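J.: Sequence:
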Amino acid sequence: MQRLIRFSHCDPAGIVYFPVYFDMFNGTVEDWFTQGLDIDYATMILQRRLGLPIVHAECDFVIPSRMGDTLTLGVLLERLGRSSVKLRINGEHEGQVRLSGSLTLVTTSLDDFAAVPIPADIRAAMERYQAGCEG
Numbered sequence: 267m268q269r270l271i272r273f274s275h276c277d278p279a280g281i282v283y284f285p286v287y288f289d290m291f292n293g294t295v296e297d298w299f300t301q302g303l304d305i306d307y308a309t310m311i312l313q314r315r316l317g318l319p320i321v322h323a324e325c326d327f328v329i330p331s332r333m334g335d336t337l338t339l340g341v342l343l344e345r346l347g348r349s350s351v352k353l354r355i356n357g358e359h360e361g362q363v364r365l366s367g368s369l370t371l372v373t374t375s376l377d378d379f380a381a382v383p384i385p386a387d388i389r390a391a392m393e394r395y396q397a398g399c400e401g
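Sequential numbering of the sequence shown, starting at 267, is according to the numbering used here.
Don't take every hint at face value.
Cut-off 16 Å, straight-line C-alpha distance, at most; resulting in silico cross-link-like pairs (EDC-like, lysine to aspartate or glutamate) [to be verified]:
hint: 1; residue 1: 352; residue 2: 393
hint: 2; residue 1: 352; residue 2: 296
hint: 3; residue 1: 352; residue 2: 324
Keep in mind the hints are simulated off the structure, nothing from the lab.
Fair warning: this is a prediction, and the values are worked out from it, not measured in the lab.
The whole structure should be built from the sequences, with the hints applied where relevant.
T.: This is the structure we're talking about:
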C-alpha cells in the first residue's frame with residue numbers, strides 16, 4: 267500500500283510523529299483484507315460482526331520519514347493461529363526500510379467481544395496469501 271506523508275502526519279521537527287504509523291498500520295490491514303485477501307473489510311465488521319483488535323504491537327523506527335515522502339507498506343503474514351494472526355508490516359521509501367512493525371490481531375465476535383476461530387473463508391484467503399509470500 268502506498269501512503270503519502272502529509273503535513274498532518276508530522277511533528278514540529280518535520281518528521282512523522284510515531285503514533286501516526288500505528289494508524290497507517292491499521293489502514294494497511296483494512297486495505298490488505300479488501301485488496302490482498304479479497305474480503306471486504308467493511309462487510310466483515312458491519313455485517314458479519316467480526317472484529318480484529320490488535321492485542322500486541324511493536325515497531326522499530328529505522329529512518330525518519332518526512333512530509334512529501336511516499337511510504338510503501340507491505341504486509342507479511344508471519345503466523346496464523348486458531349483465532350490470531352501475526353503480521354509484519356514494513357514501511358519502505360525508495361528501497362530503504364524506514365520502519366518495521368509487528369501486529370498480533372485476534373478474531374473476535376463484535377456481539378460479545380470474545381475470541382472466535384478465524385472463519386474458514388478468511389483462513390483460506392490468508393493461507394493463499396501466506397503461500398504467495400513464501401513463493
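J.: For every hint, state whether the structure bears it out.
T.: Hint-by-hint comparison with the structure:
Distance check on the hinted pair: residue 352 and residue 393 sit about 13 Å apart at the alpha-carbon level, within 16 Å; holds. Under the criterion of a C-alpha separation no larger than 16 Å, the hint pairing residue 352 with residue 296 is consistent with the structure, at around 15 Å. Among the hinted pairs, residue 352 with residue 324 is consistent with the structure: their alpha-carbon atoms are about 11 Å apart, no more than 16 Å.
The structure is consistent with each of the numbered hints, conforming to all of them.
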